[in-house]
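The task is to assemble the complex, starting from two chains supplied on their own in separate frames and drawing on the hints.
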Amino acid sequence: MIMQQVLNGLVIGGVYALTAMGAAMVYGILRILDLASAGAYAIGAYAGLFLYLATDNIVLSFTGAILLTGFFGTAVQKLLYIPMLNRPPIVPLIASIGLFIFIQDLLRLIAGPRIRVFNVQLPFSAWRTENLTVNPTWILIILLAAAFLALLWYILTRTRIGLAWRATAQDLEIAKAMGVNINKVVALNFFLGYSFAAAAGIMVGMLYSSVFPTMGDVPAYKMLALIVLGGLGSPVGTVIAALLIGLIETLVAGYIGFFLPRDAIAFVALIIILLIKPEGLISKKA
Amino acid sequence: MYELVVGINIGIFILLALSLNVITGYAGQPSMGHAAFFGIGAYTAAVMTAKLGLSFWLSLPVAGIAAGVVGVLLGLVSLRVRDDFLAVTTIGVNFVAVAIFHYTPYLGSSYGLEVNKPVLFGTELGNPEFFALIVVLIILVCLLCVKIQNSWLGLALSGIRNNEEAAASLGIDVSRFKIIAFTIGTAIAGSTGAVYAHYMGFIYSSDFAFITSISILSMIVIGGMGTIRGAITGAIILGLMPEIFRFISDYRMLLYGGLLVFMMRFQPEGLLGENSFVWRKLSPCLNKAAAMMGLSSQRRISGDGKH
Numbered sequence: 228m229i230m231q232q233v234l235n236g237l238v239i240g241g242v243y244a245l246t247a248m249g250a251a252m253v254y255g256i257l258r259i260l261d262l263a264s265a266g267a268y269a270i271g272a273y274a275g276l277f278l279y280l281a282t283d284n285i286v287l288s289f290t291g292a293i294l295l296t297g298f299f300g301t302a303v304q305k306l307l308y309i310p311m312l313n314r315p316p317i318v319p320l321i322a323s324i325g326l327f328i329f330i331q332d333l334l335r336l337i338a339g340p341r342i343r344v345f346n347v348q349l350p351f352s353a354w355r356t357e358n359l360t361v362n363p364t365w366i367l368i369i370l371l372a373a374a375f376l377a378l379l380w381y382i383l384t385r386t387r388i389g390l391a392w393r394a395t396a397q398d399l400e401i402a403k404a405m406g407v408n409i410n411k412v413v414a415l416n417f418f419l420g421y422s423f424a425a426a427a428g429i430m431v432g433m434l435y436s437s438v439f440p441t442m443g444d445v446p447a448y449k450m451l452a453l454i455v456l457g458g459l460g461s462p463v464g465t466v467i468a469a470l471l472i473g474l475i476e477t478l479v480a481g482y483i484g485f486f487l488p489r490d491a492i493a494f495v496a497l498i499i500i501l502l503i504k505p506e507g508l509i510s511k512k513a
Numbered sequence: 533m534y535e536l537v538v539g540i541n542i543g544i545f546i547l548l549a550l551s552l553n554v555i556t557g558y559a560g561q562p563s564m565g566h567a568a569f570f571g572i573g574a575y576t577a578a579v580m581t582a583k584l585g586l587s588f589w590l591s592l593p594v595a596g597i598a599a600g601v602v603g604v605l606l607g608l609v610s611l612r613v614r615d616d617f618l619a620v621t622t623i624g625v626n627f628v629a630v631a632i633f634h635y636t637p638y639l640g641s642s643y644g645l646e647v648n649k650p651v652l653f654g655t656e657l658g659n660p661e662f663f664a665l666i667v668v669l670i671i672l673v674c675l676l677c678v679k680i681q682n683s684w685l686g687l688a689l690s691g692i693r694n695n696e697e698a699a700a701s702l703g704i705d706v707s708r709f710k711i712i713a714f715t716i717g718t719a720i721a722g723s724t725g726a727v728y729a730h731y732m733g734f735i736y737s738s739d740f741a742f743i744t745s746i747s748i749l750s751m752i753v754i755g756g757m758g759t760i761r762g763a764i765t766g767a768i769i770l771g772l773m774p775e776i777f778r779f780i781s782d783y784r785m786l787l788y789g790g791l792l793v794f795m796m797r798f799q800p801e802g803l804l805g806e807n808s809f810v811w812r813k814l815s816p817c818l819n820k821a822a823a824m825m826g827l828s829s830q831r832r833i834s835g836d837g838k839h
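Order-wise, the sequence lines are chains A and B.
For the first sequence, our numbering gives the first residue as 228, with consecutive numbering after it.
For the second sequence, our numbering gives the first residue as 533, with consecutive numbering after it.
Hints in this document: simulated from the structure, not taken from any laboratory.
We put the CB at the ideal spot given by N, CA and C, even for glycine.
Misleading hints may appear alongside valid ones.
[Said to hold, decoys possible] On the chain B side, residues computed to face chain A include the following (Cβ under 8 angstroms):
{"#": "1", "residue": "T621"}
{"#": "2", "residue": "G624"}
{"#": "3", "residue": "Y635"}
{"#": "4", "residue": "G789"}
{"#": "5", "residue": "V793"}
Pulled out of the complex, with its shape left as it was, chain B reads as follows (with noise of 0.2 angstroms):
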């Protein structure tokens, strides 16, 4: 039973990194305030299901398309404001959410939102099911992930990543294709909150906070940006530690900023980026394994089909 709490905890985690994954990891967009959109989406979710006795099944796609709506206007302001301005423009975002969710009557203020556990064929959802359901949407987002990357999008995006001028001059429309990540990166973890304010059966303000965002970029960060496996191993990681590291649970945040600190200074990659140290050692291996089994070589290594 501790063990699935734990799971659903990384699965939220992994959902939320891979979300963040498409906005800065693909299209190259510093966004430090991921949490308010995983916020937006919470509280949606629990308005419709908690104050208007709507279905938790309808507000999972509601609390996606909110955040998604939120995230075309932050994709708009970032056309305005790059690189360190749009960083310290989400921090902003991120505070203003924070302060609305926590002063707005209606939501709760700073008593926090309380939210039923849904139904589904007439028996409440247990942790099995909750499991089992992010289960599905992280292989979902996976998919979608791995669409974007094999796609024209994709490509586009990486231009912009690597070089906005360039890949305007060469036709791409950098506006709509940075707000197209914007939309897809806040909707996943809109729709992520949904499942999450459900899970918990109690929001609050606090749980959007900014350190939730540093704690989200921090995951892509560590398992390597702008690859799916980056950001599945760093929310492993991060989420895992709090666990560890139970035994010595007054040193966690200071463990946790030295790591951070560590890996930014010795690994900037992170551990599983394209020219991280584990990655070279590691990607021959899979390669050969690969070829083993009878697979394309090609296909594997470029898991990413960044190639």
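Chain A with its partners taken away, still in its complex shape (with noise of 0.2 angstroms):
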């Protein structure tokens, strides 16, 4: 039982990690806490659906809405932050969050404000021992979460432009200074945050096999709750995050049987954890 309770929470937390590792590679260049992605999140799931019922084929349609997702992203990066970047904090935020509103609404109209089922079979079945059943979807989100991890740790420490990117990271004005082309840096980070972002709204629309519009709400918040408690812009801290909240969540309401929901029992622990830590679970300063 405790084993299955950790596999479900490992299996919500590697989705939590790539949904929240898009903004924070976001807010790692910009500093801009951007609740869009979760946007993101909900087109590239939408994208997904559709492409998946024109196409019958889930490799392209995976690809595809990535694709889709990452290029939406630049153009919002180009379109939107990059102007506000002298601005205060709050300035961008605002915008992110109608942005958000603006993505929901638009979907809401486009697709109908009804649960769309997205049903996908897969190649392999369910994996069962005594104690513990692995659903084949499951398999998949964790290999695919493994993945996109590992790349981006390849990217960030193994390539000149996870270099560029680092150092734009430390900071900007000395990284442009240095001969790094900023604005290319910008758009890929954004191009990668916003794709991550749209492959975890897939695998939550595959995972529960519906798509609504309003499937970003949540994330969203959670999302802006993992990128503070990592550390703010810390990747390594990001996935921890994630992982620890979707475990705490899962134990919690399985064993404890908290009085509140699933999702308020995440800001809980991370009130407490910003409490004791008030700069995160991996601190800049450290």
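Have a look at this one:
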């Protein structure tokens, strides 16, 4: 039973990690809390659904949806966030909330307010032992989440663009003075960030076999909580925070039977952790 | 009658915007969970009158005190977490508050809570009386805000807003003033909640959800942060929007989101903020008009007393 709960928690945590990673990358470079990447999560899920209905091929629809959302991300940063760089942080935050509301409503107008069923037949079946059931979608989610995070880790630590990225995250002005092409770095950052969020959206759509316009709501706030908890813009911290919150939520809801719903549990955990460690789990200063 | 209902709704939003303006506009503390305090006040008042049978007039100040006490706690939190961390923590506070409203059987859980209309001199308060009450409250809150702006408290808060370290090095007790700002702002929101609960006659947890906090914050940002005129203008504009755009009600949220993005991209100081396009054009005219009427022009231009 405990193993099953831990596994549940890890799957949820993996999805959270993917969702939050995009926003964490954006925060790492531009210092903007970007709620709109939860919009990208919903866009990804809808694009994935429609492409799947059109092509009947999950690989094709997955890739297509991710690329589409990624390009949307680069457009957003060019038109919206880059001109706001020198404003107080509350300005881009409110803009991102506005954009998020806009995206959600646009999706509702285009695809209708009802829940759409997203059923995908996977080529492998459930894996069962005596006290553990592993659902096929879970296997896919764990594999994909791990693959995406490994890709990110590789880009960040082993490539030139990753170096430019880290330099920009430390100090945008100095990196610019040192000849780093900031525009390219930020554009790629948003492309990857939004495509991560899209991937998470498709996976959650498949996990619960449903897609709906407001599906980004809870991930949006939880994502903010996660990047803050992770120490703002630290990718490792965000992954740890995501897995931790996934586990806490599942275990507290499953065992202690707290009277609040699991989303509130996540925020209670966030507030407590922040009060103990006000700089987040992994502090920049450490 | 319909105008009166719209007026009361906007009046409630004006009170909320003015109260958040004390925290975010004057003290520079990004609070994104202001609806939680509105809700705490509303539920406190509702429990007092509907469950305990006490008077509405008693519940009005008590709701403010209850929200203010929680506001002190949030103020204490704000001493530890700052800026973006505080913004996200307040979102969390909002979520937890709504969850508590929604899952506590005593507070009506998901059925909501019914509240009787208050009675004054033997007659039930109707819409005109509520409107009058709200106008009185708005005037009182405005006077309080002017008082804050023109006092040492206002100076200290604007110092904290502009640069916390510098303010501290000048001997301003940053912690004390932050907590005062949180207490005043949340207490006003709490009393507003009491009025709201009794005006509506029914409250429900999702009335106080995060989206309400966002609306309140958007009002002061769109109107012009840190100014009384901005908070009021913003509340009127965003409060009227659903009414004006009723004929395209399907696209309302789309317009709302679009407006936020547009304003932030092109006019982040808000419509009537200190450096905004409209205010730069408008204030010389007001100045001239004031001079013609024989008022001191200096007093007129610095309506919020920061110069």
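Query raised in the report: Taking 8 angstroms as the limit, does the beta-carbon of V793(B) come near enough to a beta-carbon in chain A?
Result: Because about 4 angstroms separates V793(B) from the closest Cβ in chain A, which is inside the 8 angstroms limit, the hint holds.
**Report entry** Agreement of hint T621(B) with chain A interface, Cβ distance less than 8 angstroms
**Finding:** At about 6 angstroms, which falls below the 8 angstroms cut-off, the nearest Cβ of chain A leaves the hint on T621(B) intact, so it holds.
Requested in this report: For the hint on Y635(B), just tell me whether its beta-carbon gets within less than 8 angstroms of chain A.
Outcome: holds, 6 angstroms
Query raised in the report: Given G789(B) as an interface hint, is the shortest Cβ-Cβ distance to chain A below 8 angstroms?
Result: It holds, given that the least Cβ distance between G789(B) and chain A is near 3 angstroms, below 8 angstroms.
Query raised in the report: Can G624(B) be said to touch chain A, with a Cβ gap under 8 angstroms?
Result: holds, 4 angstroms
Going down the numbered hints, you'll see the structure goes against none, and every one checks out.
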